[in-house]
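Can you build the whole structure from these sequences, using the hints too?
Chains as they are written, first to last, in the working numbering: chain A, 2 to 314; chain B, 317 to 530.
Hints are computed from structural coordinates only; laboratory data are not their basis.
Just so you know, not all the hints are guaranteed correct.
[As the list claims (entries may be wrong)] Subject to a maximum C-alpha distance of 16 Å in a straight line, what follows is the list of computed EDC-like cross-link-like pairs (lysine to aspartate or glutamate): (1) K462(B) with E210(A); (2) K421(B) with D407(B); (3) K500(B) with D126(A); (4) K304(A) with D363(B); (5) K500(B) with E143(A).
[Said to hold, decoys possible] Which chain B residues face chain A? A few, computed with CB under 7 Å, are given here: (6) L318; (7) I325; (8) R349; (9) I351; (10) Q352; (11) A354; (12) L359; (13) A365; (14) H432; (15) L436; (16) G437; (17) F442; (18) F481; (19) R529; (20) A530.
Treat the numbers as computed from the prediction; the structure is a model and nothing was measured.
Don't be surprised by glycine CBs; every beta carbon is placed ideally from N, CA and C.
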Amino acid sequence: MSLLVVESAGFQTTVQDFGREGYGVLGVSASGAADAVALRLGNLLLENKPGAPALEMTLTGGTFLFPDGAVICLAGANFGAQSDGKALELWRPHAILPGKKLVLGATRDFARCYLCVAGGIGVVDFLGSASTHLVSGMGGWEGRALRRGDVLQIGRLEKNIRRRKLRPGVLDELKPEKKLRVTRGPQFDLFAGDARNALRHAEFVVSEESNRMGLRLDGPRLAARGNAEMISEGAPLGAIQVTPSGQAIILFVEQQTTGGYPKIANVIAADLHCVGQLRPRDAIRFEEVSLEEARALWIEREKLLSSEERLFA
Amino acid sequence: MLVYLGEEIGAAAHERVLRLLRLLQLEPIKWLRNIQPAYCSLLITFDAAAVDHAEVQETISRLEKRAKRLPEAKPRLVEVPVCYGGEFGPDLEDVAEQRGLMPEKVVELHIAQTYHAYFLGFAPGFAYLGDVPPEIAVPRLETPRKEVAPGSVGIAGRQTAIYPFGTPGGWRLIGRTPLEIFRKDREPMGLIAIGDQVRFRPITGAELLAARRA
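Structure follows, in structure tokens:
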């Protein structure tokens, strides 16, 4: 095994993969990469498995030393990466020579940047996944965000990496949008006309109090009709639940698995990666689509991401 | 997809939830990704590339009919030692005052009941236990604590629960248990599983500290 030494960690850097879906009965949410599309492309560019564990950095990146060298790929937001005095392009494999550092700064566009390493990052699996679940302190690297001085194992290079390149147009198609497509939530009918209109036409702003558990939205209050006391029920990833004060919250990857607030809408699966790239103070809008459209968009997305011919030049 | 099997919190609706859950676990379906049971519903997450909503609905309603014929499962009884009040139960006095009872009476009522574990949610291992006797039902705190001590036992309405981790929490804390609620190096990881029966047993502060050292 080769090593990765954390010299500075950045704002919040965790080990993530595709998460551990399927443990709702234990009260465990899936966790996993906030932008699974970026993680997947970064890994595919390195010829890793699509869900190989990588470092997810948030808003500000860290400085990492590779004593044994590595081949890396940065995916997602642009954190102005440099190594050995040279700027490193996103979405391209780069060789880091033994003893060299990778230095990242503050974001220039979106919320999260993934540092993928050829061979992946080695941590002990918890419930079948390497993903960090910060709320419960489980999974990933000691169940927490990385700190200065942490030393992680990374995969050893088994073969030469081809210099893979994405086809022009792929990134445009997968660009994180600020307009999120939603389907109606199970309690849509509990909301008054004003609230439904606001959801369709108004602008919402991502609050500073947002994290991997959920994104709180400032904007028009979405009042439910009457006193809608609800019995707690399962809440899916991307559900937009509304608190008694009318604030909308998008439940995200480290979500609580059940909740008693009414859910007005749900972000469609094909747009969840956009949620992962939202920063505090970003202005967003919603657009309603049918369940059939949501499903068609998801199938099209999966086709694109599993087609080597369509992805790579 | 949310499957509703009743419209109230109670044993009958929850028995329907448990039966359907058991059938889904006994006969795993390829496109099924996650099941989140609750009081009277199951949230079903499925692989939308493999099936559409209509097929999921049809499959689930067929299983639901079969689930009705399953024999009733024998619940497991879990006993939880709790040190009530003082530094370990900072809201006990407050609960007593709100309900016009002596703190001892609150404890007596809390331990008199055998609770049913309706489901796990909020955090890994966090079991929603019911039903708390109406005499000691109290609303959540106006402002949740930023962090509660792991093992804290709280009340919210007719529900009681044990916090597995130092998470934020809005339930009123009446005591603490030395037991570890969720451990990833244990099988099963959670002390309490859905459908279990739970009883609380009072212990002293010294016993709590001794048990934690052991």
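Quick rundown of the hints versus the structure:
The hinted pair formed by K462(B) and E210(A) meets the criterion: a straight-line CA distance of about 14 Å does not exceed 16 Å. Taken as a hint, the K421(B) and D407(B) pair is honoured in the structure, with Cα atoms around 14 Å apart against an allowance of 16 Å. Between K500(B) and D126(A), the direct Cα distance comes to roughly 11 Å. Compliance with the 16 Å bound is thereby established for this hinted pair. At roughly 14 Å between alpha-carbon atoms, K304(A) and D363(B) fall within 16 Å of each other, so this suggested pair holds.
For the suggested pair K500(B) and E143(A), the alpha carbons sit about 12 Å apart, so the restraint of at most 16 Å is met. Satisfaction of the interface hint for L318(B) is found here, the shortest Cβ-Cβ separation to chain A being roughly 5 Å, below the 7 Å cut-off. The interface hint given for I325(B) is met, as the beta carbon of that residue sits about 6 Å from the closest beta carbon of chain A, less than 7 Å. Evaluation of the R349(B) hint against chain A yields a held restraint, the C-beta minimum of about 5 Å falling below 7 Å.
Interface restraint check: I351(B) against chain A, minimum CB-CB distance 6 Å, threshold 7 Å, status holds. The restraint placing Q352(B) at the interface with chain A holds, with a minimum CB-CB distance near 3 Å, inside the 7 Å limit. A cut of 7 Å between beta carbons decides the hint on A354(B): the least distance to chain A is about 4 Å, and the hint holds. The criterion of a C-beta within 7 Å of any C-beta in chain A is met by L359(B), whose closest approach is roughly 3 Å, and the hint holds.
Below 7 Å, beta-carbon pairs count as interface contacts, and A365(B) has one with chain A at about 5 Å; its hint therefore holds. Against a cut-off of 7 Å between C-beta atoms, the interface hint on H432(B) is violated, since the closest Cβ of chain A lies about 15 Å away. Checking L436(B) against chain A by beta carbon gives a least distance of about 3 Å; that is within 7 Å, so the hint holds. For G437(B), the interface hint holds, the least distance from its beta-carbon to any beta-carbon of chain A being 3 Å, beneath 7 Å.
At a threshold of 7 Å, the smallest CB-CB gap from F442(B) to chain A is about 5 Å, leaving the interface hint in force. Hint status for F481(B): holds, given a least beta-carbon distance of 5 Å to chain A, under 7 Å. The closest approach between the C-beta of R529(B) and any C-beta of chain A is roughly 22 Å, which is over the 7 Å cut-off, so the hint fails. Below 7 Å, beta-carbon pairs count as interface contacts, and A530(B) has none with chain A, the closest being about 22 Å; its hint is therefore violated.
The structure does not agree with the numbered hints 14, 19 and 20 stated previously, though it agrees with the rest.
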